[in-house]
Every structure is written in structure tokens, then in C-alpha cells.
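Sequences and hints are given; from them, build the entire structure.
What follows is each chain in one-letter form.
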Amino acid sequence: MSAHTADTTFPPDSFYDTGEHHPQNGTMLGFWLYLMSDCLIFAVLFAMYGVVGANYAAGPGPKDLFDLGLVAVNTAMLLLSSITYGFAMLEMARGRQNAVLGWLAITGLFGLAFVGLEIYEFAHLIHEGAGPQRSAFLSAFFALVGTHGLHVSFGIVWLVVLMIQVRKMGLTEPNRRRLACLSLFWHFLDVIWIGVFTFVYLMGVLR
Amino acid sequence: MSTADTEQAYDPRHVHSHHHPEGEAHGTFKGYVTGFILSVILTAIPFWLVMGDVLPSKQATVFIIMGFAVVQILVHMIYFLHMNTSSEGGWNMLAMIFTLVLVVITLAGSLWVMFNMNENMMPVSAHEMRNAP
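These protein sequence lines are chains V and P, in that order. Just so we're aligned, residue 450 is where the first sequence starts under our numbering, counting upward by one. Just so we're aligned, residue 63 is where the second sequence starts under our numbering, counting upward by one.
I should point out that these hints are in silico values taken from the structure, not numbers from a laboratory. Built from N, CA and C at the ideal position, the CB exists for glycine as well. Worth double-checking, as some hints may not be accurate.
Claimed, not checked - Below, simulated SDA-like cross-link-like pairs (lysine to any residue); rule was C-alpha separation at most 25 Å, straight line: (1) P:Lys120 / V:Gln582; (2) V:Lys512 / P:His189; (3) P:Lys120 / P:Asn193; (4) V:Lys512 / V:Leu558; (5) V:Lys512 / P:Met113; (6) V:Lys512 / P:Val116; (7) V:Lys512 / P:Met191; (8) P:Lys120 / V:Val654; (9) P:Lys120 / V:Leu558; (10) P:Lys120 / V:Pro623; (11) V:Lys512 / V:Pro581; (12) V:Lys512 / V:Tyr569; (13) V:Lys512 / P:Leu117; (14) V:Lys617 / P:Asn193; (15) V:Lys512 / P:Lys92; (16) P:Lys120 / V:Met497; (17) P:Lys92 / V:Val493; (18) P:Lys92 / V:Leu558; (19) P:Lys92 / V:Phe536; (20) V:Lys512 / P:Ile107; (21) P:Lys120 / P:Leu169; (22) P:Lys120 / V:Tyr569; (23) P:Lys120 / P:Trp110; (24) P:Lys120 / P:Val102; (25) P:Lys120 / V:Phe536; (26) P:Lys120 / V:Val501.
Said to hold, decoys possible - Covered stretches of chain P (in silico footprint by chain V; criterion: 3 or more residues with CB under 8 Å from a CB of chain V, positions within the stretch not fixed): (27) 99 to 110; (28) 128 to 136; (29) 152 to 166.
Structure representation (C-alpha cells):
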């Protein structure tokens, strides 16, 4: 045994080290699994929209209701918030706390602009009598787009909470992990929005 | 590793001298900007195709914007979510593939079944539809 250890320069446990990037604990994988289950919620909502999306009940259709200019601005807000969150993550890797907080604040503002525009759109639709109870198409539309908007809203709440955390505790390892989770969440919502603007808005107007 | 080393306060400046802390983004400035520019292009073209009524065939437009959506989702997954086959020892990718299978079954199955049900329903006239409760 002693002859064996004398032969090698590695510590004994390096025998098991295959050089892979082992996670310290399962938080990131667990959060990814949550996102995948969230993905299934959206898949079901998309499926519902696909099934009943053309049932207008003699009411207004997508062509009468959707303002693509507004949707384009909304899309831009979400995309900009995605890259500003990315910049926050880059500053986090450099350990620059104030820069992280700054980019997070900008991300939050873009997120608020997105939610604000969506609330404006919903209020406008309901005011025109095209609320969720008008037709199966509008029920599915409000359910799908509303669920996405709720996710973004809760993402903003989470973002504000994390900003307070980072301000109070600094860029500690738990805070970095939380910021990384929110990063996945935020970019995931942007991915879902690609589906929404393509299938609901653009293809709706084409129909 | 000594006890003093493990118990010392976390210092972000020394993060790269150890391993990457868990969940650290592996993105770069160039990666994020590339992803952003690609996303802008992949978003602008579908909006332009639909708002400008560029193509005479609606069917072709639908297929093209669906293609752009798929490509943009891939761009987001690579440049923003930093997906690769080896993150978390491959479990991320495995979970995603499993989810995609469920998503395809849910979407394709729902549309297929409900389309056939719709086809086989009793026909409803426009007059009946208007007077429906």
C-alpha cells in the first residue's frame, strides 16, 4: 500500500476524479427541471390555443384585434431585458456589485415596460368587448399570454428581492446561485415569448 | 484543503482560482451580443414578412416564420441559456429532450385528435351559431 502511494503523485481521491464538471449540489439541475415542467404548462396552453384559436363565436378575430406594432415593441422590450440580464451576469462573474445592481435595475425596467404594455393591450381588448369570456379564441389567448405575463411579473418581483439581497449581503455564493437561477428563468420566458409572438400574433394576423 | 481555506469568507475576486462556483454563467460579452444581434434579425424578418405583406402566399409565410422561430429558440438556448450536452453531466440535456418529447406529443396529439373530432361533429349552420346561447 505504501509502495503504491509512493509511486503516484496524485492524492488518493483523484482516482475518482474523471475531470467532469461536478455540480456542488442539485440546485441548478432542480431549477432546470422546474423550468421544463413550466415548459409543459405552456405546451398545454399552446395546444389549447391551437385547438380553439379559430373559434371566434362570431366575434372579433386576431386580424381585428392585434396591433403588431405594439407586439413588436413588446418583443423588443423583452429581448433588451434579456441582454441586459446577460450583462448583469457578466458583471457578477467579475464581482462588480454596483454594475450588477445597475444592469438588474435596467432589466427590471424593461420587464416593467413589457408588463405595462401587455396590461395596456389587455385593458384595451376588454374595453372593446373582446374580453376572455367573448369567445374560445379569446379565452385561450388571455390564458396563454396572461400566464406568460404573470411569469414575467413574478420574475420582476424576484428580481427586486434579489437586488435587495445583493445590496445587503453582497455577491455571496448563495446570491450568485439565485441570480443564475433567475437568469435561466428570465431567458426561458424570452424563449416562450418567441412562440407567443410567432404562433399567436403573427400567425393569427395571417389567418 | 485546510479548514481555514474552506471556512474563509467567500471572496469573489478569487473565484477563478478555485473551481467555477455552481451555476456560474459561462457566457461571454461576445456571446451575449452575438445572440442579441441574431435574435434581433430573426425577430425583425418575421415581423417584416407579416406586417409588410411581402409574400403572396400565406402558407409560405407561415412556414418561414415558424422556421425563424425554431432557429431563434436555438439561438437563445445556445447564447443566453448556455445549453450544451455536458452541463450538469448531461442531465440538463436529457431532461430537455424528455420534455421536448412530451411537448411534441401534447401539441401534435391535441391538434390531431381535436381536428378529427371537429371534422366528425354534426355540422352547425352559421344561423344556428349566431343564435347559440
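Exercise. Within a Cα-Cα threshold of 25 Å, do Lys120 of chain P and Gln582 of chain V meet the stated pairing?
Worked result: 29 Å, violated
Problem set entry | Restraint status (C-alpha distance of Lys120 of chain P to Val102 of chain P at most 25 Å) | 23 Å, holds
Problem set entry | Verdict on chain V covering the stretch 152 to 166 of chain P, where coverage means 3 or more residues with a C-beta closer than 8 Å | holds (count 8)
Exercise. Straight-line Cα separation of Lys512 of chain V and Met113 of chain P no greater than 25 Å?
Worked result: With a Cα-Cα distance of about 11 Å, the restraint between Lys512 of chain V and Met113 of chain P holds, given a limit of 25 Å.
Problem set entry | Verdict on chain V covering the stretch 128 to 136 of chain P, where coverage means 3 or more residues with a C-beta closer than 8 Å | That given contact holds, which follows from 5 residues of the stretch 128 to 136 of chain P lying within Cβ reach (below 8 Å) of chain V.
Problem set entry | Pair hint outcome, Lys617 of chain V versus Asn193 of chain P [Cα-Cα no greater than 25 Å] | At roughly 62 Å apart (the allowed maximum being 25 Å), Asn193 of chain P and Lys617 of chain V break the hint.
Problem set entry | Proposed proximity, Leu169 of chain P with Lys120 of chain P (alpha carbon, max 25 Å) | 22 Å, holds
Problem set entry | Proposed proximity, Lys92 of chain P with Lys512 of chain V (alpha carbon, max 25 Å) | Violated. Lys512 of chain V to Lys92 of chain P sits at ~39 Å, over the 25 Å cutoff.
For this session: For the pair we were handed, Lys512 of chain V and Leu558 of chain V, check the Cα-Cα distance against 25 Å.
Result: The given pair, whose Cα atoms are some 30 Å apart, is violated under the 25 Å limit.
Exercise. Are the Cα atoms of Lys120 of chain P and Pro623 of chain V separated by 25 Å or less?
Worked result: Violated. Lys120 of chain P to Pro623 of chain V sits at ~50 Å, over the 25 Å cutoff.
For this session: Could you grab the alpha-carbon distance between Lys120 of chain P and Trp110 of chain P and see if it respects the 25 Å cut-off?
Result: 14 Å, holds
Exercise. Are the Cα positions of Lys512 of chain V and Met191 of chain P separated by 25 Å at most?
Worked result: With Cα atoms ~21 Å apart, Lys512 of chain V and Met191 of chain P stay inside 25 Å; holds.
Going down the numbered hints, you'll see the structure goes against 1, 3, 4, 9, 10, 14, 15, 17, 22 and 25, while the others check out.
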